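Let chain L serve as the given structure and place chain D on it in line with the hints.
There are 2 protein chains.
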Amino acid sequence: MVKKPYAFGVDLGGTKIQILKVEEDGNVLEKVKIPTEVEKGADHVIAAIASSVEKLFDKQYPPEGIGLGVAGQVEKSTGAVLFAPNLKWSNVPLTAILKERLGFPVFATNDVRAATIGELSFGAGKNAKDLLSIFVGTGIGGAIVINGRIVSGPENTAGEIGHMIVDLNGPPCTCGSRGCLEAIAAGWGMEAKARNAVNNDPVSAKRLIALAGGDPMLIKGKIIQEAAREKDPLALSIIKEGEAALIAATASLINILNPTVVLFGGGIIDANPDMVRTVEEGARKKALKAASRHVEFRLSSLKNEAGAFGAAALVFGKG
Amino acid sequence: MVKKPYAFGVDLGGTKIQILKVEEDGNVLEKVKIPTEVEKGADHVIAAIASSVEKLFDKQYPPEGIGLGVAGQVEKSTGAVLFAPNLKWSNVPLTAILKERLGFPVFATNDVRAATIGELSFGAGKNAKDLLSIFVGTGIGGAIVINGRIVSGPENTAGEIGHMIVDLNGPPCTCGSRGCLEAIAAGWGMEAKARNAVNNDPVSAKRLIALAGGDPMLIKGKIIQEAAREKDPLALSIIKEGEAALIAATASLINILNPTVVLFGGGIIDANPDMVRTVEEGARKKALKAASRHVEFRLSSLKNEAGAFGAAALVFGKG
Chain L
1 MVKKPYAFGV DLGGTKIQIL KVEEDGNVLE KVKIPTEVEK GADHVIAAIA SSVEKLFDKQ
61 YPPEGIGLGV AGQVEKSTGA VLFAPNLKWS NVPLTAILKE RLGFPVFATN DVRAATIGEL
121 SFGAGKNAKD LLSIFVGTGI GGAIVINGRI VSGPENTAGE IGHMIVDLNG PPCTCGSRGC
181 LEAIAAGWGM EAKARNAVNN DPVSAKRLIA LAGGDPMLIK GKIIQEAARE KDPLALSIIK
241 EGEAALIAAT ASLINILNPT VVLFGGGIID ANPDMVRTVE EGARKKALKA ASRHVEFRLS
301 SLKNEAGAFG AAALVFGKG
Chain D
1 MVKKPYAFGV DLGGTKIQIL KVEEDGNVLE KVKIPTEVEK GADHVIAAIA SSVEKLFDKQ
61 YPPEGIGLGV AGQVEKSTGA VLFAPNLKWS NVPLTAILKE RLGFPVFATN DVRAATIGEL
121 SFGAGKNAKD LLSIFVGTGI GGAIVINGRI VSGPENTAGE IGHMIVDLNG PPCTCGSRGC
181 LEAIAAGWGM EAKARNAVNN DPVSAKRLIA LAGGDPMLIK GKIIQEAARE KDPLALSIIK
241 EGEAALIAAT ASLINILNPT VVLFGGGIID ANPDMVRTVE EGARKKALKA ASRHVEFRLS
301 SLKNEAGAFG AAALVFGKG
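So the sequences go chain by chain: L and D.
Letter 41 of the first sequence, counting from 1, is numbered 41 in full-length UniProt numbering, and no numbers are missing.
Letter 261 of the second sequence, counting from 1, is numbered 261 in full-length UniProt numbering, and no numbers are missing.
The list makes no distinction among identical chains, and a pair is therefore deemed to hold if it is satisfied within one copy or across any two copies.
Pairs of lysine-lysine, DSSO-like flavour, derived with a Cα cap of 30 Å: (1) Lys285 - Lys193; (2) Lys59 - Lys16; (3) Lys289 - Lys220; (4) Lys289 - Lys193; (5) Lys285 - Lys88.
In case anyone wonders, no lab produced these hints; they're calculated from the structure.
Treat the numbers as computed from the prediction; the structure is a model and nothing was measured.
One chain only, chain L, in its complex shape:
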């Protein structure tokens, strides 16, 4: 029997590393998940990936290559990880080290693009030619697909939709600007808003403080969601403002890019998939009719495996 070509796809995150052994059509042959152990340093993390991968193949039937989706900024030309705060890495020649050790082709991209390529190749974005992905979690990231290819930009930074300004005079953002989508709709932005309320109007925030056991620093996204389910007015308004920012950004991106598919994913969306319907309804009203007429709103289908799938797809020339 002739063996089919296969690749490894690795999703390298701050707490865990997901490894998939995948055939070109997306058929999963094996799965492994290991802890990242960031504190042991980059060399240890990279060696752990290499050992795990080496256990998953027979030298007689080597893979086509290995792809990695990294929670950080990856240099296009070299595959080096320039900056990855969750990994505490800067300037780590990730692909060079792995290539040296494994002896087969190594590819890397950022985690958001990897997840987008995963959905595009094997998931909810399958066969879409013009797609925009919006991942809403602690931060907000996205990727732009035009004619079936990821738009990377000359500095490899394209797709930073979390830093679209949707409210000129809005709250300060970590990037130094104001009113960025992230600062209103991402987990960190909603938490910052809640903590602001604690300082400025503690009465309005009393339910949030109580749910956080009295410590405002423990007001996290899940607590805001919980308070909102109890109809706490502050929590509801924070979430509503986040949805309004997402609606504005989505409508703007449809007008700018005219995609056929807008694909939503990320922790906050996975926990509240109904939010996509709210955003769809609002964005369809705000976007230009000609631009939005045929657009479809979809939910990520590969969830937390999208990144590893997409990393494997990189090896097969996708993305």
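Showing chain D alone in chain L's frame:
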């Protein structure tokens, strides 16, 4: 002597039609400008273009084709003009009629894309691979160039940057949304804001009303500019808010698309070229460093001939 190939480029606007006879390298052989005479109807306008072009070539040396930049929405597959308010056209099969009459290839695109292709082929955007154009006039339009090609989108609507929402709770826009870039920074948006002030706070608007000869409906962009030069506080604040919106949109677009060149043009920019420096300074502060590090801000160099140049370049496969 062997004649070089050439094409006709036509900029079809609501008041005039500009026709250039151009060689592939941008060398202009002849120029003609005729009035559009919208009131005589589409057939008349198209026949006038055809007659003008026919006078400009010898049947022994026909052109490679004719390209048109149209102030309206052009259907990609057919070259029909779906909707052009300034021409009072809807569903006019422009390219089909011209092809039938002239017998050589006919191409059409919208005026903003034509101007962008003109700058990209022969003007300030020459040799840029990843470019974003922003044309600020009565409205605001733009075009996105990635890897040297215009991004058109499946519905041919990509580049509608005038309808990016930069201020969630901002003034109403003609599109039905609120806080679009156009509604704050375009000529019509600034005029609407001035007329609002006339209604709500006539004292603040007294200089604008005086300059408009007492008729608030005559407060146009030029009058706002004139009042601003006299340091009228209302005019200055309208312009400053417009610049702030342009800064926010430009920074957002740099983050989303990571272009190497941002090219500014249009009536308001041509009249106030210094505005580009103000927008550059502000946008560089707001955009992500990694995305903006190598971006260049440029001013349209072909001015009101950019559209005709770009229309001709279409014939040679540009854009």
